[in-house]
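Residue numbers (the working numbering), protein chains in the order written: chain A, 23 to 479; chain B, 23 to 479.
What the hints contain is simulated information worked out from the structure, not anything from laboratory work.
A virtual CB, placed ideally from N, CA and C, is assigned to each residue, including glycine.
Treat the hints with care, since some could be wrong.
To be verified - Negatives, chain B to chain A, calculated, CB over 10 angstroms: (1) C60; (2) K79; (3) V90; (4) A97; (5) E100; (6) E107; (7) D203; (8) R215; (9) S270; (10) M383; (11) R395; (12) R470; (13) F471.
As the list claims (entries may be wrong) - Partner residues are not named here, just some residues of chain A that face chain B (Cβ under 10 angstroms, in silico): (14) V237; (15) D304; (16) L309; (17) A322; (18) K326.
Said to hold, decoys possible - Cross-link-like lysine-lysine pairs, in silico, DSSO-like; alpha carbons within 30 angstroms at most: (19) B:K292 to A:K247; (20) B:K326 to A:K292; (21) B:K358 to A:K247; (22) B:K367 to A:K292; (23) A:K404 to B:K326; (24) B:K454 to B:K404; (25) A:K358 to B:K247; (26) A:K247 to B:K326; (27) B:K367 to A:K367; (28) A:K292 to B:K247; (29) B:K326 to B:K207; (30) A:K367 to B:K247; (31) B:K367 to A:K247; (32) A:K292 to B:K292; (33) B:K292 to A:K367; (34) B:K367 to B:K292.
Protein chains: 2
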Amino acid sequence: MKWPGSARLQEVFVGNGILVLGAGRSSRFLLKQFAEFCGKTGRILTVCDASQQELDKHTACLSLEGKVLDASDSAALEQLIEGKEMVVSLLPPLMHPAIAALCLKHKAHFASASYVGDAMRALNFEAHSSGLVFLNELGLDPGIDHLSAMRAMDEIRESGGEITSFESYCGGLVSEAHCADNPWKYKFSWNPRSVVLAGQGGNSLFRQNHQLRSVPWHRLFAEAKTLSIPGLGEFDAYANRDSLSYTSLYRLDEVSTLLRGTLRRENYCKNWQVLVELGFTDAQSTLPVSVCSVNDLCCALTGKGSNQLLSGWLIENNWIRLEQTAWFDFLNLESKQALGFKPNKASEVLESVLLDKWKLMPGDCDEVVMYHRIGFVKDGRKQQLHSVLSVTGEDEMHTAMAKTVGLPLALGVELVLSGNCPETGVIIPVSKYWYNGILPLLEQMGIRFAEHTEFSD
Amino acid sequence: MKWPGSARLQEVFVGNGILVLGAGRSSRFLLKQFAEFCGKTGRILTVCDASQQELDKHTACLSLEGKVLDASDSAALEQLIEGKEMVVSLLPPLMHPAIAALCLKHKAHFASASYVGDAMRALNFEAHSSGLVFLNELGLDPGIDHLSAMRAMDEIRESGGEITSFESYCGGLVSEAHCADNPWKYKFSWNPRSVVLAGQGGNSLFRQNHQLRSVPWHRLFAEAKTLSIPGLGEFDAYANRDSLSYTSLYRLDEVSTLLRGTLRRENYCKNWQVLVELGFTDAQSTLPVSVCSVNDLCCALTGKGSNQLLSGWLIENNWIRLEQTAWFDFLNLESKQALGFKPNKASEVLESVLLDKWKLMPGDCDEVVMYHRIGFVKDGRKQQLHSVLSVTGEDEMHTAMAKTVGLPLALGVELVLSGNCPETGVIIPVSKYWYNGILPLLEQMGIRFAEHTEFSD
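If we strip away everything but chain A, and leave its shape as in the complex, we get (with noise of 0.2 angstroms):
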């Protein structure tokens, strides 16, 4: 399929170059992926973030313009998209239908890597009748999933598979060298507000041998299963929002299990459950305003007194055994230091804890992981395939995150740019036309699964 008529073709691309929005923790590899792209095509990069410093770090080792920007300052905003043939953003999701309508006004595509939600979705008409691609989640999870996942099960399918059952896990983690001293074996290499609130959005939506399973937040990561991965060794695996979402963009209507999980390291969810259930990750109810330490909160949930530890606590009321208190004082939840904020939520105190002892120091390596275990009938016989994915980051700034989560966001914009796509309205890419494209190249990349089938019946 071409672009609709010549003559908007020639509407669209009127635009001189890229605009990302964004120079955070997960834009260098996609910049730098840019900087290339657009010095072979003679396109302008222009590179906007609220902090100077931030553009900094890209301008002196890149060539790009570098523009700050209050991205809630929709003129401003509006000023840059105007001309541009592509609007790249690593904004928070909430931005994005707001940009992706200004993108529609001046006739740019537009791409992220987050969650098509209704507001976005309800602008496919009008960007599809624009001949506009507004390509979304191309990121790692969700992106790097649908591209694998989808080139699975297309070729079990075109080889006569039927498929049976459908898991797919993933999770951003610190690689095990880089992480030895802390008992939670987890450090942030992305957004850590939804690394406090998981799950919160409401139940968690799975099929699991035919039953349908509706999971409470409250005791999403007491259900947390083991999960074994071929060549990784066991990790904690718990359900990530709907799955059942993927019902019709996988095709999977008659499969006995749809589960999308979210991983971490062993014994990391027993242990955030007690957080859960304690209430240190609420961030509904308001907080008394003397709450004004960590050790504030803690005596306020568990009704500690100052003077007895929260390990203490913890054990008298059997939340966990001896040998895991260790996890706990890790966090020095017991300090009496004042905050260096008024906190409104539970989840805001507890997120400071975590930004200062669960960062990634000078030196240390993310590890991302990702495992899709896939059941399926063919020539009479239940087969399984694994198919796993393990990339370690090069350090504190150059994540395996940052990499996987630009890398396939930056190449399908090339694709986009490259005016052959065949698809146009707001995608999610799941067809051949895009795992084609990027997976090869990213394991040139070296963003590579390995795949394994066997037997099972």
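Guided by the hints, dock chain B onto chain A, whose structure is given.
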């Protein structure tokens, strides 16, 4: 204090009677009291309800005008309010600010048994300026608790005592003689939805032994304590909303313990906690469309196969001990019968089960229990006042709940209409005027606290 000026007095008292909105569960004693009062004073009593059937129950035995009203029809509502002296609302609390605003417009007093929220509080200045009384929180709890606690504490303070701790508990229960075959020992004598959603408004706040507590709703029932009430035995008690908001109202800045709690029969709370943790009370997440029976919901929440019983699952998972299975079996939580409606939330399914299982049957008597435990120091000695109220209903219609909610409200309204009320504006009845005007009359009607003081040092 008299009404502000005779012109205004004239303006205020143009009304020709009392309008009662709502003729349901709580109205029986209130209407009987009003019918007598209006008979004596020559006032007209008008009662509105959405249901002609509910109205007929009252018009058959009382002298009053019954009118069918859809309370969401604000024009019809306004027409009824116009020309009234006093409007008494038994409608849902969220409707009260709009009704009170119409009372402002038409110079009518307003009264309800509901908590004062921000929207009601905002009407204070205008009501006060108009010489109107908007009387709130005058039922059982809030209501009788305000009156009795303030009387007890004023007496202690006036005799030279200093209050050091304050606890107040209340429960709308079923008489033990009428729930022998029901392990929960609970039936509905008031709004079932409030029972199902108990605690979900946010963390419960209180102070205990100088320690501020903020208990997340999903752990509220796990933190319930056993409470021994003099003369009545052991009860479960869980913290009720924000006890700290009573600090200034009750003048309790200095106390070590400030706790308002809700009562249930023994063991109710640990079993209810199971329902909370499993997600049965959840009113936030939307259920998958395929949930059509209680068993479907059980399976989705617990993951048990349809051939296992929930009680078996609960035991396997150590949720409850063997002897507790009767509690859950009683609710028929594994019923596969199709619900008569499409549930959107898990809480709707649970409510429909409980409406059936926890219904007051003909001849059933409910019981209202209230208990204040007030610590104080007087003449250098530590003492405790125990103040206990127990009222048993006459039958399933003439409930203790209807009596203890309706009579204080009726008596408070009569005080307002006496024309000697010293307060105007939005009022919570905590002053001498209210408790001296109402409690002695309630005592004549059999609503009487048993009090005793003991030394505790």
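Hint check:
1. C60: For C60 of chain B, whose nearest Cβ neighbour in chain A is about 45 angstroms away, the distance exceeds 10 angstroms, so it holds.
2. K79: The claim stands: K79 of chain B keeps its Cβ more than 10 angstroms from every Cβ of chain A (closest is about 40 angstroms).
3. V90: holds, 39 angstroms
4. A97: holds, 35 angstroms
5. E100: holds, 36 angstroms
6. E107: Holds, because the least Cβ-Cβ distance between E107 of chain B and chain A comes to about 40 angstroms, which exceeds 10 angstroms.
7. D203: At roughly 31 angstroms from the nearest Cβ of chain A, D203 of chain B sits farther out than 10 angstroms, so the non-interface label holds.
8. R215: Given that every Cβ of chain A is farther than 10 angstroms from that of R215 of chain B, nearest at about 19 angstroms, it holds.
9. S270: Holds: least Cβ distance 14 angstroms, greater than 10 angstroms.
10. M383: holds, 32 angstroms
11. R395: Answer for R395 of chain B: holds, closest chain A Cβ roughly 19 angstroms.
12. R470: holds, 35 angstroms
13. F471: At roughly 30 angstroms from the nearest Cβ of chain A, F471 of chain B sits farther out than 10 angstroms, so the non-interface label holds.
14. V237: holds, 7 angstroms
15. D304: Check passed: Cβ of D304 of chain A comes within 6 angstroms of chain B, closer than 10 angstroms.
16. L309: Hint holds; L309 of chain A Cβ to chain B Cβ min 7 angstroms, cut 10 angstroms.
17. A322: holds, 4 angstroms
18. K326: holds, 8 angstroms
19. B:K292 to A:K247: Status holds; Cα separation ~26 angstroms.
20. B:K326 to A:K292: holds, 21 angstroms
21. B:K358 to A:K247: Status holds; Cα separation ~29 angstroms.
22. B:K367 to A:K292: holds, 27 angstroms
23. A:K404 to B:K326: holds, 25 angstroms
24. B:K454 to B:K404: holds, 26 angstroms
25. A:K358 to B:K247: Satisfied, since the Cα-Cα distance of roughly 29 angstroms is no more than 30 angstroms.
26. A:K247 to B:K326: holds, 16 angstroms
27. B:K367 to A:K367: holds, 26 angstroms
28. A:K292 to B:K247: Between K292 of chain A and K247 of chain B the Cα gap is close to 26 angstroms, so the pair holds against 30 angstroms.
29. B:K326 to B:K207: holds, 27 angstroms
30. A:K367 to B:K247: holds, 26 angstroms
31. B:K367 to A:K247: holds, 26 angstroms
32. A:K292 to B:K292: holds, 21 angstroms
33. B:K292 to A:K367: holds, 27 angstroms
34. B:K367 to B:K292: Holds, at about 23 angstroms.
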